[in-house]
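Participant: Sequence:
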Amino acid sequence: MTANTADVIHGSPTAQSQLPSERGTRQRWRGVVAAVTVDILVWFVLWRVAIPGEEAQTVSMLVATLPWFLVAAAREYAGLPRKLPKADYFYLVTLMITLACVRGGAFALLTRCFALPSGLVIALLSLMGMVTAFWSMRGWATLSPVRHENPAAWWPRVAWAGVALFFVLRLLFLGHPELIPEEAYYWLYAKHLALGYLDHPPMVAWLIAGGTRIFGENEFGVRIGALLCWIVTAYYVWRLADEMFDRSTASVAVLLCSALPFFFGVGLTTAPDSFLVAAWCGALYYLRRATLYGEGNAWLAMGVAVGFGLLSKYSIVLIGGTAAIMVLVHAPARRWLVRPHLYIGALMAVALFAPVIYWNATHDWASFAFQGSRRFEMPSHFSVHDYLLDIVVLLTPVGLLGVLDFMSTRMRVRDGAGVPHRPGDRLFVAAGMFVPFAVFLLYSIKHKTKLNWSGPAYIVLLPCLASQLLVMRETMRSRLGRFVAIAWAPTLAILAVLYGVILLYFGIGIPGLGYSEYSRRFVGWKNLTAQVVTLADQKEKTTGERPLIVALDKHTIASELLFYSAAFNRSPGVPEEQITSRNIFGRDALMFNFWDRELKPAQRSFILVAQSENDLRDASVTPFFDQFGEITPLTPRRNGRDAGRYFYRFAQGYRPDVLRSGAK
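With the working numbering applied, the sequence shown corresponds to residues 1 to 664, in that order.
Hints were generated in silico from the structure; no laboratory data involved.
Backbone N, C-alpha and C define an ideal beta-carbon position, used for all residues, glycine too.
Keep in mind that a hint or two might mislead.
[Unchecked claim] Pairs of lysine to any residue residues, derived as SDA-like cross-links and limited to a Cα-Cα distance of at most 20 Å, are as follows:
no.	residue 1	residue 2
1	Lys191	Ala152
2	Lys86	Ala487
3	Lys554	Ile344
4	Lys448	Ile391
5	Lys450	Thr362
6	Lys539	Ile631
7	Lys554	Ile391
8	Lys191	Asp596
9	Lys526	Val384
[Stated by the list, open to error] Here are the computed distance ranges between Cβ atoms for each label pair:
no.	residue 1	residue 2	range
10	Ser612	Glu295	53 to 61 Å
11	Gly512	Pro656	48 to 56 Å
12	Asp199	Ile445	36 to 44 Å
13	Lys448	Ala87	56 to 64 Å
14	Ser612	Val131	33 to 41 Å
15	Arg617	Phe483	29 to 37 Å
16	His385	Trp29	30 to 38 Å
17	Ala87	Val33	24 to 32 Å
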């Protein structure tokens, strides 16, 4: 290896001063001007042929910049002893596609929310994008993962840039994709604020209520709470990794917390898991401080974290098992059994959880039964294979292999690179993962689990996975460990592209790509609501009364119609007085059974909306009416493309006596 090549590999100041050569700077700036010009011209042509500006800008950027980006990258290496490695083209292409998706989010934000002219926005974003690309080329040779043999020097340098990229990607797209059904359902929680709900504690409702109070009744207002919770999660991940290893590991751990699918998802979509993960992570941090550092006040902080977690999701009680293992097995921690701090912390958690206990006590313990005994009364269903497959989705295959390598090799050695250096840390990691993982694994033997249930089990593994990235490959004892170390960089690059393309597809649209039947959970709700409200307007004109809109599923359609009807509903009052679910037919509709108890639909006409024709003909519905209209399809659209298929029919002569007589 020559001296110059070694300088490039290890990123010495000498190499950095050589990149790029001053004589090539003027040519590169000419390339920037040319790329900006092509970008704007291609966008204008596509826009003139009726392609929406938001979609056209993605194509124009890729057409204009990708060839220039690769040529410019190759020229950066012209004066160096090594040519541009082939693997670098992969990273450059993935970076370019991700930046195109980021620009798509920025374009939509500026044109939708700030109402700026599309032409002005494309000019500004094109110029900013090309300048950013130009400056990124100046440092790419020293930042590319291909040339760094020492990961401990490379990963910390790029970790925070990766964190910023994933954060900006989420921030820009918070308000663009339509709400998924669960988010719309939790928004209804916020419209009916209470101390508890049938299927979840109230924290998710409080988060959404705060977000919509500040930012309005829109997608951004609903989701901003999730991103704020992720910031709290990232803070505690950083603190945990810093104390278990070092600051370099902490920065990489935050990168993994940004990029791995489970953690990316809980910071993007609002759900009980968003706050749960933040509280769980905080509770783990304070548990470690209490048991390994002997800090009594940490038990009190843990009690607060667990209490807030219980206000979000009951599953955080499993951290009690982790605490029990740490106290009983780790000898120095046993002294807390005869000291008050542990018990005061537990009482603080119960005190914070008291409102939910009160709500359950006044509602026949409905939520505890729903999440407890009813879960075990469900039909037997072997789902261990699904549960294990969910881990691959939550952590990626490389993440799962990293966990297996850490557990099989590094947990068995007392010292060395990638091993927590404080006594008791290996027990802490094992207990933190094993308890929730084992509980849901046992449950999956006879019952069906959900994708997100085991996610908190992997919080404690983030510092361990990060430590693997910083270990020299030559020092790793296993082939699996060496493979994982090599595979992390391309995995994170692929995740960035995948997230960007998915958010662009569902939030804005991609030219030439339509929406399949499987996409209707994510798109088309706004247009479907507009069509249904139009039907209600027409019916009101002919009959003189506004019909009641009834969705014939558990909560999906009704929740979406209620959220998006605010923009179309001209009548004052509470929206759910006009839109409800199948609970009026005596069927389970979750919280609609509680919210619509005062509803009096007997004298109104109905619009029944369903996902299939069979639902409209179902024997649980037809006895309730004297007259029916014909079944008619509804096809919601998004950017001129079909986005699913629904059906509706009018009905009159509602017979509440059928419900009283016991029809189901």
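Participant: Honestly, do histidine 385 and tryptophan 29 meet the 30 to 38 Å range at C-beta?
Facilitator: Check failed, 56 Å falls outside 30 to 38 Å.
Participant: Check whether the Cα positions of lysine 554 and isoleucine 344 lie no farther apart than 20 Å.
Facilitator: Not OK: lysine 554 and isoleucine 344 at ~41 Å, beyond 20 Å, violated.
Participant: Within a Cα-Cα threshold of 20 Å, do lysine 191 and aspartate 596 meet the stated pairing?
Facilitator: Status holds; Cα separation ~13 Å.
Participant: Within 20 Å, alpha carbon to alpha carbon, are lysine 554 and isoleucine 391?
Facilitator: Violated: lysine 554 and isoleucine 391 sit about 28 Å apart, past 20 Å.
Participant: Using the C-beta atoms of serine 612 and valine 131, is the stated range 33 to 41 Å upheld?
Facilitator: violated (52 Å)
Participant: For a C-alpha distance cap of 20 Å, please report whether lysine 539 and isoleucine 631 respect it.
Facilitator: holds (16 Å)
Participant: Go ahead and decide if the range 53 to 61 Å is satisfied by the Cβ distance of serine 612 to glutamate 295.
Facilitator: holds (58 Å)
Participant: Could you say whether the range 56 to 64 Å given as a hint is met by the Cβ separation of lysine 448 and alanine 87?
Facilitator: violated (41 Å)
Participant: Given the range 29 to 37 Å, decide if the beta-carbon distance of arginine 617 to phenylalanine 483 lies inside it.
Facilitator: At 55 Å between Cβs, range violated.
Participant: Holds or violated: lysine 191 and alanine 152, Cα atoms, limit 20 Å.
Facilitator: violated (49 Å)
Participant: Are the Cα atoms of lysine 86 and alanine 487 separated by 20 Å or less?
Facilitator: With Cα atoms ~16 Å apart, lysine 86 and alanine 487 stay inside 20 Å; holds.
Participant: Note whether the CB distance of glycine 512 and proline 656 lies within 48 to 56 Å or breaks it.
Facilitator: holds (51 Å)
When each numbered hint is compared with the structure, violations occur for hints 1, 3, 5, 7, 9, 12, 13, 14, 15 and 16.
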